[in-house]
Each structure stands twice: as C-alpha cells, then as structure tokens.
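*Asks:* In case you want the letters, here they are:
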Amino acid sequence: MTTNHTRRGFLKQGSGAIGGFALTVVAGGAMAQGKTKVRFSGYVESEEQLGTTLKVLEAYMAKNPNVEIIPEFSNFRSFTDKLATEAAGGNAPDMFSVNVDLLAEYAARGVLEPLTNWIPDPLDVSSYQAGSIFACTYNDQLYAIPNDAIAPAILYSPKKFEELGVAVPPEMFTWEELHETAVSLSRAHGRGFWGMEDGGGNYVPCDIFLRAKGSSMFTPEHTLGFSAEDMATWFQYWADMREAGGCPPADVAAQAGDNSASLGIVRGRSAMLIQMTDSYVGIGALMEDPLDLHMLPNGHAGGEMKNHIYDYAGNSTGIWSKAADKDLCVDIIRFMHFDPDGVDLYYEGSGMIPASTAGLDKFGAQGNREEKKLVAYLAKLREDPAPSRRPGVGGLGGMFRRANQAVAFGDATPLAAAEAFIAEAEEKLLALKS
Amino acid sequence: MSITPNLSKKQNAVAFLFLSPWILGFVFLTLGPLMGSLYLSFTDYDLFTAPEWAGTKNYAKLLGGDPRYIQSLKVTFGYVLFSVPLKLGFALFIALILNRGLRGLGIYRSVFYLPSLLGGSVAVAIMWRQIFSYDGIINHFLWNYLGYDAPSWITNPDYALGTLVLLAAWQFGAPMVIFLAGLKQIPQDMYDAAAIDGARPVQQFFYVTIPLLTPIIFFNFVMQTIGAFQAFTPSYIISDGSGGPADSTLFYTLYLYEQAFTDFQMGYASAIAWVLVAIIAAATSISFLSAKYWVHYGDEN
Numbered sequence: 001m002t003t004n005h006t007r008r009g010f011l012k013q014g015s016g017a018i019g020g021f022a023l024t025v026v027a028g029g030a031m032a033q034g035k036t037k038v039r040f041s042g043y044v045e046s047e048e049q050l051g052t053t054l055k056v057l058e059a060y061m062a063k064n065p066n067v068e069i070i071p072e073f074s075n076f077r078s079f080t081d082k083l084a085t086e087a088a089g090g091n092a093p094d095m096f097s098v099n100v101d102l103l104a105e106y107a108a109r110g111v112l113e114p115l116t117n118w119i120p121d122p123l124d125v126s127s128y129q130a131g132s133i134f135a136c137t138y139n140d141q142l143y144a145i146p147n148d149a150i151a152p153a154i155l156y157s158p159k160k161f162e163e164l165g166v167a168v169p170p171e172m173f174t175w176e177e178l179h180e181t182a183v184s185l186s187r188a189h190g191r192g193f194w195g196m197e198d199g200g201g202n203y204v205p206c207d208i209f210l211r212a213k214g215s216s217m218f219t220p221e222h223t224l225g226f227s228a229e230d231m232a233t234w235f236q237y238w239a240d241m242r243e244a245g246g247c248p249p250a251d252v253a254a255q256a257g258d259n260s261a262s263l264g265i266v267r268g269r270s271a272m273l274i275q276m277t278d279s280y281v282g283i284g285a286l287m288e289d290p291l292d293l294h295m296l297p298n299g300h301a302g303g304e305m306k307n308h309i310y311d312y313a314g315n316s317t318g319i320w321s322k323a324a325d326k327d328l329c330v331d332i333i334r335f336m337h338f339d340p341d342g343v344d345l346y347y348e349g350s351g352m353i354p355a356s357t358a359g360l361d362k363f364g365a366q367g368n369r370e371e372k373k374l375v376a377y378l379a380k381l382r383e384d385p386a387p388s389r390r391p392g393v394g395g396l397g398g399m400f401r402r403a404n405q406a407v408a409f410g411d412a413t414p415l416a417a418a419e420a421f422i423a424e425a426e427e428k429l430l431a432l433k434s
Numbered sequence: 001m002s003i004t005p006n007l008s009k010k011q012n013a014v015a016f017l018f019l020s021p022w023i024l025g026f027v028f029l030t031l032g033p034l035m036g037s038l039y040l041s042f043t044d045y046d047l048f049t050a051p052e053w054a055g056t057k058n059y060a061k062l063l064g065g066d067p068r069y070i071q072s073l074k075v076t077f078g079y080v081l082f083s084v085p086l087k088l089g090f091a092l093f094i095a096l097i098l099n100r101g102l103r104g105l106g107i108y109r110s111v112f113y114l115p116s117l118l119g120g121s122v123a124v125a126i127m128w129r130q131i132f133s134y135d136g137i138i139n140h141f142l143w144n145y146l147g148y149d150a151p152s153w154i155t156n157p158d159y160a161l162g163t164l165v166l167l168a169a170w171q172f173g174a175p176m177v178i179f180l181a182g183l184k185q186i187p188q189d190m191y192d193a194a195a196i197d198g199a200r201p202v203q204q205f206f207y208v209t210i211p212l213l214t215p216i217i218f219f220n221f222v223m224q225t226i227g228a229f230q231a232f233t234p235s236y237i238i239s240d241g242s243g244g245p246a247d248s249t250l251f252y253t254l255y256l257y258e259q260a261f262t263d264f265q266m267g268y269a270s271a272i273a274w275v276l277v278a279i280i281a282a283a284t285s286i287s288f289l290s291a292k293y294w295v296h297y298g299d300e301n
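Sequences listed follow chains A and B, in order.
Just so you know, we're using the working numbering here: the first sequence kicks off at 1 and counts up by one.
Just so you know, we're using the working numbering here: the second sequence kicks off at 1 and counts up by one.
Treat the hints with caution; some may be incorrect.
Unchecked claim - Here are some chain B residues the structure puts well away from chain A; computed CB gaps all over 10 Å:
| hint | residue |
| --- | --- |
| 1 | L24 |
| 2 | L62 |
| 3 | L105 |
| 4 | I217 |
Stated by the list, open to error - Using 25 Å as the maximum straight-line C-alpha spacing, the simulated PhoX-like pairs for lysine-lysine come out as follows:
| hint | chain 1 | residue 1 | chain 2 | residue 2 |
| --- | --- | --- | --- | --- |
| 5 | A | K55 | A | K362 |
| 6 | A | K373 | A | K160 |
| 7 | A | K433 | B | K61 |
| 8 | A | K55 | A | K35 |
| 9 | B | K57 | A | K433 |
| 10 | B | K184 | A | K428 |
| 11 | A | K326 | A | K213 |
| 12 | A | K428 | A | K35 |
| 13 | A | K373 | A | K159 |
| 14 | A | K35 | A | K63 |
| 15 | A | K428 | B | K10 |
| 16 | A | K326 | A | K35 |
Bear in mind the hints are in silico, worked out from the structure with no lab data behind them.
For glycine and all other residues, C-beta sits at the position ideal for the given N, C-alpha and C.
Take the sequences, apply the hints, and build the full model.
*Replies:* This is the structure we're talking about:
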C-alpha cells in the first residue's frame, strides 16, 4: 500500500503531535496517571537521615495511593544553590527544607508560605520547644515546621582519651580548660595528631563563647550582638590553640571541608570535634571507635559558670508560596511530624531527635543507644535553658570560615578578621531589610 | 566555470537550511539568556523578587575595589598564566615522543587523551584532593622515605593553586592530539634538507618544527586560554565550593557563582560575567594581534 504525503498533511499531523505532547507535559506537571505529584526537596546530614526520610515518604504514598511524592534530596550546599535557581525560574519544589539562617531570606522574599492557616489544626506546635519555634518564625509568623532539635556539642573519642592518659573534662568547664585538655592530648600523642579540630570557623560555638562574655552573635531584633573586639577574642582563642598545638595547623584544618569522611576525628587525627548533634550518628557510623557527646565550655576562667548552650531547629520544612496544593503539603508534614506511625519511620535510626517535648520523651525512653545519648544531652541543656539561637543571614558559614582562615593563615589579625566579618554581615542584614 | 545568480541563491538557501538548527538554537536558547544577563547586570536582582533598574551600580562596585573580586582576578590570571604554557609545553613534548613512530600509537594516544575527558570531572577532582591532602599518598611517601613532614598541599594557600595548575597540565590530551596532527603535516623533505645542511635534532626542532607548527600552537593557545579563564569545576570540588583556603583558589567563575546563588546577587553576578566576556575578548584580540609577528602560514608570502 502506498500513501501520498502532502506538505499540508504533514504539517497538520505534525502540529497535532506537538500539541498532544505539550498537553501531556502541562498535565503531567500536576497529575500523571491520575496521581497528584508533589516535589519534596531538601538537604540531609547523613545517609541514615536520607534513608528514614525516603521511608516515611513511601509510607505516606502507600496510605495515599493517589499521591506521588518526588523526593529531591542532597547535601546542604547543592540544595540551597539549586533551590535559589528553581525559585527564580518559578519552578521551586512544592515543599522543601529550610535552614535557620536562610528562613528570613526566603520568608522576606515571599518564597515561603506562612503556616498560620494550618495552626493549630492540623499542625499543633504547642508542645514544641520555644527555641525551635523561634528559629522558624519571621515577623511573628511561623513559616516552617522544625524537623529536629539540634545543639552544638563536643563529639569526642573516649578511647583516645584513655589511650593517651588524659582525663575527660568535667561537664561544666571553661574555655581555658578545653585549651589545656586539647594541648595535653596533642603532646601525649606526637606527630600527626591534635587534641581537637579547629572550631574557630564555626559560628555556633562562637555564639556560646560570646554569651559567656555577655554578648551574642545576633540579637532577637536580627542585628549583630557583638563588637569587633568581642569577636577578635574568639579568633585569638583559636590562634592560641593553633600556636600551642592543641588543634592542627591551618592547612590541615582546612582539609576537613564539608565532608564528614575527611574530618580529622574520623581519620584518627584528633580526639575532639565541635559539631552539631544531628551529625553525631552520621559521623559515628564512619568511625570504628565509639563516639560520645560532651558539653561545650560554659564559662571563662574566673567568670560565672552557667549553661549557655541551646537547642534549636537547624533544619525545618516549609511550603513554596506558589505550590499548587498547599493542603496536601501540609498533610505530608502532618504525617511526618505528628502521626505516630510517620514519626517512628521518620526519626528512628536517623540521628534526628524530634523538636517536640513529647518526641524527646519518647526517644529518650525507647530509642537506640545513640538516640538515648542525644536525648540525654538535649534534656540536660533544657534543665537550665539558655536563651534560644537567633537566626543569622544566608552564607554565614562561609563568611565565618573565611574570617577564621584569614587569621589562621596569617593574612589578617583577629581584629581585622572580625571587622571584615562585621562589614560583610551588616551588608547582608541591610539588604534583607531594604 | 561561472555560477549563475539563481544557482548561487539556491546554494545559499540550502546552506542556511542546514545551518538553521544552530541559528535557531542560538537565537532562542543562547541569545535570549545572553541579552537577559546583560540587562540583569544593570539591575538589583535577588532571584526571588523582580529585578529593579540600578544603572551602572554593579559595574561601579566592581571597579570600586570589591576585595574578593580583586582576589578572584589575581587567582584566575595566575592560573591562566601558569596552566596554559605548562599544559601546551607538556602536550607538545608528549606529541613529539608519540610522533617518533611508536608501535601501538593509537593506544598511547587514547591513554594520554583520557585525562582530558576525565580531568574536568568531579571524580578526578576528588581524587586530586586525596592525593595532595595532608594524609594523602604524596605526603606518605615524603614522610616514610624522606622524613619530611609536608603540609597539606591542597589546602595551603601557598600551594593550593599550584595543585590546580598541575591538574590542568595533566589534562594535556586535547592539545596533544591536535599537535600530533600538526606534526604529521610537516613534510619529511624539510627535515631531510635541514639534515643535509648539518642541522642537529635540536636545531631542526627550533628552525623547522616550531615555525611550521605555529598555526597549531596559536590555535591551541587561544582555545586553552579561553578555557582557563572559564575554569570552575576543579576549584569548586577541591575547595568544597568555597574557593578556599583563604580564597587562594577563588576562581573568577566561582566568585560569580557564589554571588549569584549563595549571596542572591544575580545583578552583580551578571556584571561580573560581562566583565569576563570583555577580559576573554581582550585576551583573544591581543593573541590575534600578536599572531602576525610569530605565526607562519604556509600559503603566505
């Protein structure tokens, strides 16, 4: 059989095919094979956290066969860069992770939907710890639900302390005692090992350090809460630690980067590391020796000893202001954070501890060894709670790390590094308010 | 044979028909974003809210001495200055060896070309990080055999850029293949004549090979220079996207990326991009202007 193809016929058929394809693409954005699709993007701190997150989303889909959740999870840096690009292109995921320092950026610029309409039903946050709620609030409106409660801690290897014959410091101790402990460990070991990792580029312990001196990184009014001289003492503290051999030289410290596998404590180069508690399970899984938690120093020599360590929501979940089905996104959040089945799947074995008091109690009683340790640590902090963590600005981690490295590599004095940091942070705060 | 105007028109139409995929792609996929970024470079644009006209503010900020921008310029020019000659020199050296009529030349050519395909990849950048880290293979050798406690090469500002230059030089495959093709074009008669005149191999290299290879050297030089100015992946992966330590590997494109996607200053980042276009255009123009003094084409008088 032969068929005559005319140009008009070809164009007709071609445009029909293209039109059909276009319709499929458009329809596919929201519904495919009768299913409503929801894009859920975020960052995770460990493989364990990724596993439990995917598990809870699968459970939700099993209970709601008409819903298809498309998970798009990665590490923090890749996620934030990608989210900014997608939001700019009008193609942000329907729901996504929100970092405490980026919440204000997203809320002020209309990327996040306020959750006011869904509180307290179905999102009842009345049992959540105040610091976690504060971290998710901007201009008196809640913009995200806390995923977990985290706090800064010293992760340490008890085995290294034992091997080197150095005593673990008492629970409440000073920054000066931390210096002495780190230096003793380094000396007891010798080449290629340092008592602790350089913590000078981490702004959370700096906040704890400053609070013990009567100032803080940020104020509740979202302004800087310290002077250049205050911050210079922090950079000087780590310069002294480096000089005395308590932490590695600048080039070795810089090697750690964002990758847990390259941390000194994981590679057997150090005994202590200042880190957030949500990394405890992930880092511990990479080590052969057991890992334990210890409080950060809570005062300076000759000063008052008082708990300055707080827990807060480092990571939370929010909804894109242009999401097609916001109620569905809220329901997924409800399942993950408030439904007993969902909570078990989401949190158990993840290294995350729920921010609600009820969740904390539950994991303290039923969790595995690591979870019980985390809960015990957080519970200890809440016995005499410190004022909560105040959100900073986007890119804070990078700015702070650069300032510390400038001092470590001898490119700036502690005061000059502090002044440069203040100038950069103030420019960002100003941009946010304009 | 003369070509009639009608035939010429027909031939042009056919040529444009075949070129149309590229032309359409350029107009609809490249030209739009290009013009868009030019417009954005004159605006305040934070990615989330609509851009606002800001005149030449972004360019004034660049010229006003943004210290990290100046650092990114220093790093990038240093990288271009060292990596391009090193890579071309090494590529030519290997091409000369391979041109000596080795058995299994095809295999060697493929093996040496391989790093060029892999070099820009994330996996190789990570491998580089492992090799040159404090407890990497280089330092294991230096400590165990020479007793030298070496620094972490990749995270020491004095050496970090050097390791990236080495990584670039290791990706010599593409210019090497082009050099090899160029060497094969040089007639054997030239070498025979030079040998009869008493030229030794070194003299043959400088007075026969190099002059006849200058068009190829020029081509490779221009392409590699443009590529070096645009380098991004090695620094992004090796420094965890920070350009560290202490901004010692802050490539121009990395700073641009950071401004756009970490600091949400897309207007400023667009201005940075357009200045890079101007820098590359200037570098290429200078290369072309200088070409008449040192590039020799066979068909020239």
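*Asks:* Indicate, hint by hint, whether the structure satisfies it.
*Replies:* Evaluated hints:
Residue placement check: L24/B keeps its beta carbon more than 10 Å from all beta carbons of chain A (closest about 15 Å). Residue-level check passed: L62/B sits 15 Å from the nearest beta carbon of chain A, beyond 10 Å. Every beta carbon of chain A lies more than 10 Å from that of L105/B, the smallest distance being close to 40 Å; the non-interface claim holds. Taking the minimum C-beta to C-beta distance to chain A, about 37 Å, the non-interface status of I217/B holds against the 10 Å cut.
In summary, the hint linking K55/A to K362/A is supported, as the alpha carbons are separated by about 20 Å, within the 25 Å threshold. With a C-alpha separation of about 19 Å, the suggested pair K373/A and K160/A falls inside the 25 Å cut-off, and the hint holds. Distance hint between K433/A and K61/B is fulfilled; the C-alpha atoms sit about 20 Å from each other, no more than 25 Å. Taken as a hint, the K55/A and K35/A pair is honoured in the structure, with Cα atoms around 19 Å apart against an allowance of 25 Å.
With a C-alpha separation of about 19 Å, the suggested pair K57/B and K433/A falls inside the 25 Å cut-off, and the hint holds. Our distance criterion of 25 Å between C-alpha atoms is broken by K184/B and K428/A, whose separation comes to about 58 Å. Between K326/A and K213/A the alpha-carbon distance is near 45 Å, which puts this suggested pair outside the 25 Å criterion. Of the supplied pair hints, the one linking K428/A and K35/A is violated, its CA atoms being roughly 42 Å apart against a limit of 25 Å.
As the CA atoms of K373/A and K159/A are separated by approximately 17 Å, the hinted pair is consistent with the 25 Å bound. Of the pairs offered as hints, the one joining K35/A and K63/A holds, with about 13 Å between alpha carbons and a cut-off of 25 Å not exceeded. This hinted pair does not check out: K428/A and K10/B have alpha carbons roughly 60 Å apart, beyond 25 Å. Distance restraint check for K326/A and K35/A: the Cα-Cα separation of roughly 16 Å lies within the 25 Å cut-off, and the hinted pair is therefore satisfied.
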